Amino acid sequence: MRLAIDYDKCTGLGLCEAEAPEVFEVQDDGTLLCLDENPSEELRAEVEAACASCPTEALRILED
Amino acid sequence: MPTSTGEFSDFVVVGASLAGLRTVEAARRKGYAGRITLIGSESHLPYDRPPLSKAFLDADHEPVAPRFRTAEHLRDELGVDLRLGAPATAIDAASGTVAVGDGEVRYDRLVIATGAAARTLPGTEGIAGVHGLRTLDDAMAIRTALDAGARTVVIGAGFIGSEVASGARKRGLPVTIVESLDVPLTRSVGLEAGQVCAELHHANGADLRCGTGVDGIVSEHGRAVGVRLDDGTTIPADLVVVGIGVIPGTGWLEGSGVALHERDRGIVCDATLATTVAGVYAAGDVVHWPNPLFDDQMMRLEHWTNAAEHGAAAAAHAIDPASAKPVSSVPYFWSDWYGHRIQFVGVPQADEVEVVEREPYLALYRRGGRVVGALTIDRPTQIMKLRKLIAQRASYEDARAFATNLPAVRAPQPVR
Ligand SMILES: Cc1cc2nc3c(=O)[nH]c(=O)nc-3n(C[C@H](O)[C@H](O)[C@H](O)COP(=O)(O)OP(=O)(O)OC[C@H]3O[C@@H](n4cnc5c(N)ncnc54)[C@H](O)[C@@H]3O)c2cc1C
Ligand code: SF4
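Residue numbers (the numbering used here), protein chains in the order written: chain L, 1 to 64; chain V, 1 to 416.
Hints are computed from structural coordinates only; laboratory data are not their basis.
The structure presented is a predicted model; accordingly, all values stated were derived computationally and were not measured.
Some clues are possibly wrong.
[Said to hold, decoys possible] With beta-carbon atoms standing in for the labels, derived distance ranges:
1. 21(L) to 103(V): 27 to 33 Å
2. 31(L) to 72(V): 49 to 55 Å
3. 33(L) to 245(V): 33 to 39 Å
4. 38(L) to 276(V): 33 to 39 Å
5. 261(V) to 6(L): 49 to 55 Å
6. 44(L) to 170(V): 40 to 46 Å
7. 99(V) to 31(L): 30 to 36 Å
8. 228(V) to 7(L): 44 to 50 Å
9. 86(V) to 40(L): 46 to 52 Å
[Stated by the list, open to error] Distance condition first, Cα-Cα at most 30 Å in a straight line; then the derived DSS-like pairs of lysine-lysine:
10. 9(L) to 30(V)
11. 30(V) to 388(V)
12. 9(L) to 325(V)
13. 388(V) to 9(L)
14. 54(V) to 9(L)
Positions of the beta carbon are idealized from the N, C-alpha and C atoms, including for glycine.
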């Protein structure tokens, strides 16, 4: 699964990190670091929850 | 219409804001295919509130309504019958109906997500220039006054009032904040952290006056010109923002059988967000519920994340009550002042609050042997890890070890 991240929308609130810490981490300057742009299928539930939790709708899963 | 998840066809949601919208979205995600009616008293399409006291007030940006979804999306993608502009006025549990305007809407399942309204200062109704901040209309009025260069007085040094003060200072306008407590925010973050937050106002040129009450608004020709304090002084003001808390939106439920909290009339729910009336659930700022993660402490939160989580849970439980689970969550909120991000996870009621780092600030809240809360200023990379520790009921020692022994910076990875 591939991820599309709109960094312009992201405000660094970290809700995605709470759902999928293996994939997302907010940095100390408030920007988002994607630790894995092609997360494996085992992480699908977490990544879907992360996308749904983002208040600014900055995250999307691109189906391959 | 029978669905894969139950034998009912009329799902009604009252309150068309964050919790209500999340309820609708989760119901569809769960496969519910019957009718959904979403009733909202405001005439606006559902919109997001946190930006109203932040980006919306910023002189550098055109004010855009932070709308969640278009009318087409709600109608075509979510299949919602949207009824905006008139409040629900009553529930009749016996017949399973909600009264709206002159009509009635039948429900099999109902989710109440009517949030809360800004508390007003008695005797100030109708004075121009005096505003609460809860709605898009409030934000528009405040922005217009700031654009005109208003001398600003904020009554109540809570999070929303503090964000308005920050926005006014960013424009270089004079701001006074009047707070009746000796230290602001003690109920939300405790004494120690409240003091640190208060410092941010001083450092940024806002005149914060604690331990001071308001005697009244001075007005001329129906328009505010100042705020009179209980020490006799009057502060000149063109804009008065009243941020003294909220009142749950439940006036219409009195006598309906839906139990309301004796203190603030919020809705009393069980751990699955069910109300005392069968088939009726509640979500968001309006709810008191026992949170299993904190010894079933009854909580009513006014946080974005909580409203979003509640909406999803209430929908799932309403559709399939047999699968209902206690809603267990670590409260989380953020607030942006003067370019700083304050973040809090957990609960502030603690045996001890320890300041682990002063700069940037990090405090931990201990209850017994457990970590129950954490507050950070400008440490966005730690806060969610602390939230996870709290969710795992980690020991205080583990949280402390994490906070004092912060991991080395990760090897840089391509971001953009
Ligand atoms: C200015 C501002 C800034 C904020 N900033 C932050 C922040 O930085 N971080 C954070 O975590 N949280 C923040 N919040 C809190 C967050 O926005 C709320 O927790 C969230 O909006 C709650 O959502 P809700 O759907 O439960 O209630 P609400 O958003 O209050 O929505 C309830 C809706 O129901 C409607 N309604 C009421 N009664 C009726 C009725 N009888 N019939 C029909 N409709 C009715 C209301 O008009 C309203 O539209 C902020 C709130 C405000 C106002
Ligand atoms: S939840 Fe959204 S806004 Fe928050 S850090 Fe993740 S992508 Fe950014």
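Status of each hint after checking the structure:
1. Checked against the hint of 27 to 33 Å, the pair residue 21(L) and residue 103(V) fails, with Cβ atoms roughly 48 Å apart.
2. For the pair residue 31(L) and residue 72(V), the beta carbons lie near 33 Å from each other, so the given range of 49 to 55 Å is not met.
3. Between residue 33(L) and residue 245(V) the Cβ separation comes to about 37 Å, which falls inside the hinted range of 33 to 39 Å.
4. Residue 38(L) and residue 276(V) have their C-beta atoms about 48 Å apart, which leaves the hinted 33 to 39 Å range violated.
5. Range check, residue 261(V) to residue 6(L): Cβ separation about 40 Å, and the 49 to 55 Å hint is violated.
6. Checking the proposed 40 to 46 Å range against residue 44(L) and residue 170(V) shows it holds: the Cβ atoms sit about 42 Å from each other.
7. Between residue 99(V) and residue 31(L) the beta carbon distance is about 49 Å. The supplied range of 30 to 36 Å is therefore violated.
8. Between residue 228(V) and residue 7(L), the C-beta spacing of about 48 Å keeps the proposed range 44 to 50 Å intact.
9. The hinted range of 46 to 52 Å is satisfied by residue 86(V) and residue 40(L), whose Cβ atoms lie roughly 49 Å apart.
10. Restraint check: the Cα-Cα separation between residue 9(L) and residue 30(V) comes to about 27 Å, which is no more than 30 Å; the hinted pair holds.
11. Of the pairs offered as hints, the one joining residue 30(V) and residue 388(V) holds, with about 26 Å between alpha carbons and a cut-off of 30 Å not exceeded.
12. Simply put, residue 9(L) and residue 325(V) have alpha-carbon atoms about 33 Å apart, too far for the 30 Å limit, and the pair is violated.
13. Pair hint residue 388(V) plus residue 9(L) holds up; C-alpha atoms about 24 Å apart against a cutoff of 30 Å.
14. For the hint pairing residue 54(V) with residue 9(L), the CA-to-CA distance comes to about 15 Å; that is within 30 Å, so the pair holds.
Against the hints set out earlier in the document, violations occur for numbers 1, 2, 4, 5, 7 and 12.
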